[in-house]
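Student: Listed here are the chains, written in short residue letters.
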Amino acid sequence: MSGAQKIAVTVTAVVPLNDLVTRFEFRRTGGGLLPTFSGGAHTVVEMRDGDTPRMNPYSLMSDPMDQTSYAISVRRDDVGRGGSLFMHNNVAVGDEMVISNPVNLFSLDLRAKKQLFIAGGIGITPFLAQIKQMERLGGRWELHYTCRSEALGSYVDELTTQHPNEANVYYDDQDQRIDLKALLDGQPIGTHIYVCGPKGMIDWVRNTAAAEGWPREGIHYEEFLAPQSGKPFEVKLAISNKVIQVGEQESLLEAMERSGVDAPYLCRGGACGQCETRVIDYTGNFIHRDHWLDDAEHASGEKIMPCVSRFEGKTLVLDR
Amino acid sequence: MSKFEFPTSIISRPVYGTLEPRDGSAHLMIADATGAQAILDVATPDMMAKAHIIYIPKGAEFGHRLRALNPAQYYEGPSYAAAEQRIAKAFGDAKMGLQVYLSGSEGVMGQAQHAAMQAGVPHTAIQTEHRGSTARRMQCVHCKGITEDVATDPFQCSHCGLHLFVRDHYSRRLAAYQGVNIDAEDPGNVPEAKGIYE
Amino acid sequence: MTLQFNDETFRDDYSFHNSDRALKRFPFPFHEDSYMYSVNMEQHQGGPADSIYEKRFDVDEHYVSEMRDRAMVLADDPLRCQSLPHMTLAGWDLLELIMVSKSEDYPDLFELHRDGDQWRWVNKPMGIDDSFTFLDEATLPYGPMEYITRQTQGDFCVLDQRDDNLWMDAGTITTQADWSLDFDLGMNFFEWHAPVPMAHEKGIFVRALKFLLNIQQGAPARRLNWTLTVNPLLDTSPENYHKWGIQKTSMTPETVGAKQHLRVELQTFFRLPRSNALVFPIRCYLCSFQDLTKTPKWARRLHRVIRDLPDELATYKGFIDNRPMMLDYLSQFDDGLPTSLGIWPDLDTEPALQKRLI
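Here the protein sequences line up with chains A, B and C, keeping their order.
Anchor point for the first sequence: position 299 equals 299 in this note's numbering, and the numbering is continuous, going up by one each time.
Position in the second sequence counted from 1, then plus 1000, gives you this note's numbering.
Position in the third sequence counted from 1, then plus 2000, gives you this note's numbering.
Hints are supplied without guarantee of correctness; some may be wrong.
As the list claims (entries may be wrong) - Computed spacing ranges between beta-carbons, pair by pair:
# : chain 1 : residue 1 : chain 2 : residue 2 : range
1 : B       : Thr1134   : A       : Thr315    : 38 to 46 Å
2 : A       : Val79     : B       : Lys1003   : 57 to 65 Å
3 : A       : Thr161    : C       : His2113   : 31 to 39 Å
4 : C       : Pro2324   : B       : Lys1194   : 50 to 58 Å
5 : A       : Asp77     : C       : Lys2210   : 26 to 34 Å
6 : A       : Ala211    : B       : Thr1134   : 46 to 54 Å
Worth flagging that the hints you see were computed from the coordinates, not collected in a lab.
For every residue, glycine included, the Cβ atom is placed at its ideal position computed from N, Cα and C.
With these hints in hand, go ahead and build the complete structure from the sequences.
Tutor: Structural data, given as structure tokens:
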């Protein structure tokens, strides 16, 4: 488990927005205020899918200053491992769930002279909270948001009505594209870019900005990897003195948790470094998928990030 | 001209590199004295078409060669203080994509770096190359007075008169090294001053 | 129990003193008979009753006098409290954290009444009753960080988190172990620790930073640090070193027990919710050698730690010149018996001194 207390919540609203995205709202079970948070923060939602525990991170999209309720929006992933499907198919108003304290790995640089938000699809959610924060505390911002189509444009109406001068929306099916080079050109010094969306979009923004001479520190991005399925494998946990099996559809981190082994985590998406685990011995190959370890560390065989990375081979002994 | 090799030190002490051309929407280059040589080494015609050079000669004679690079804007001034308002305006008007190149003494590079950071340029994105004087800009931690061109250690504060040990601890915000009283525990026992790198 | 606040000074006549209760709860920092740097972090989720760990922000008998000393330091040198412009939100976070914690933990001393953004804060020990609008700086006499840290014991570093580092971008520092906020303001974690010897090579700061970056809301952490100070002087700043440094040479074998103080920092770390900044309170506890040696286990251990500390650390902590005198004094209280592990005094189980005082 991770150190902080979990929060018991009750689902107070389930609002389908379109064919793919549904919003879930939570209040604290039994009443009381929820913690405030900073725009860009996520919460890890725990699900009990029959015998399978699932924990998925979702960006908090509600007003960070509003302590009465939290909201997340979940995009249904029909080919994923099932967390989003569970949310869509099984979670109803009145259900009691457990969520983590907010954690922010995508926070605003409050020194910025201007915040430039670039969103793709469901990547809009952290910006919804950041925009509310900017509106409350002041500061220049601008949003460029691409959606597949008007029908799938989550929160477009709300954004363009409330922020007609700041919000710019682009529809793929109408061949509308962000002219990124033109957008970057002429931004005042001290502008920071935030990008959340598919990996291709993040890479495009980072590479284009770098080519235009933008500093690395001025480009912020959030890319949560969902753990991918893979071949089952066996792991020996040296400290706990247990041998566990990692199933096809679960991550190593989830398998440890299922076996009652205490394992720290924050993002569950290969980004934060919290679950980094030392490898004691191995015969086989690692399938590293995280953003945390560098190439040399990946090659060394000395560390693994159990939230997203897997293993194929005969023996794997971990320091857990 | 050979460059001074600074001895390795604590992490807060700045480390200087060698200027290299980078892609960018504009290039702001600030140098003093023999720092001009680093600009001459890195300049390309493409870069000069979008370059603003601010040069403080301090008696060195590189002005005509810098001007001959034909930068979009060229300024030569007698001191950093004289150039300060112009530098502030240049950063204030700047757009993202600006590349910053600093060369010369630690004092001038430090102050220009501070101006760039105030405008919103991360310090890691600012290129620096040390040339010429190894004298330091130093703040007396006691009276807060800043003294330029401190070359010896210990050094008597030019503002309050305390004898100071010149530390390697450096503040980018103040663009200065720290000076701390050396004889506080044994008044009057001040070692003989010698060059900082002697 | 109701707290009685001492009327005492941390300068000039040094009337600072610890009651028996304060001695009993003093945070002795050595868990074994030797000392070396370590990250030594643990969760800050309460502790034994009446220990300094019990509350989120410990309030003790020195509170009112420490706040008076802080006001004097800030009047002399306002640069001891600074906040870069982007840190104002973190200041409000800190104000909220402290007001909520203190009003919940010490309801007889502090009250917080909230009606939306309209807040009323009552600090009975300091005679303060202020109403203000949360997030509106115009309604407070100082910025939010300065306002609340003028009413809270300990120094406060407020650290911005960005680029996988922590940045010392705000703070109120009047009881520091010889470092300057004004100079270090704006530095990152490695830079402001740059002058600390040996720890960089040991990778201490890399590990500590990694831990701190991941501190979560609702999961504060803590550790102890220590140094030595001659006289119960809170303001051991570099700014005033030319004034207080001479005091280090004023000890004699007769006065060392009374003048030499162990200075222990309880460092805590809290994630601040609205700003995602981290606040790092550094709470200073002072105890004279003569008071510490009343506890047999601590007396034995203090002697061994001071004796065996590497010269580099003794130099960095500023007591290498006085170490022989301290050891002469402390050796009287060390009979060579083994000590129990852990920091607690273990008065019921640890034997009294086995040889007679000379």
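Student: Hints first: check each against the structure and report whether it holds.
Tutor: Structure-based check of all given hints:
A hinted range of 38 to 46 Å for the beta carbons of B:Thr1134 and A:Thr315 is inconsistent with their spacing of about 57 Å. For the pair A:Val79 and B:Lys1003, the supplied restraint of 57 to 65 Å holds, since their beta-carbon distance comes to about 58 Å. For the pair A:Thr161 and C:His2113, the supplied restraint of 31 to 39 Å holds, since their beta-carbon distance comes to about 37 Å. Between C:Pro2324 and B:Lys1194 the Cβ separation comes to about 30 Å, which falls outside the hinted range of 50 to 58 Å.
In this structure the hint that A:Asp77 and C:Lys2210 lie 26 to 34 Å apart at CB holds, the actual value being about 32 Å. A hinted range of 46 to 54 Å is violated for the C-beta pair A:Ala211 and B:Thr1134, which are about 37 Å apart.
The structure does not agree with the numbered hints 1, 4 and 6 stated previously, though it agrees with the rest.
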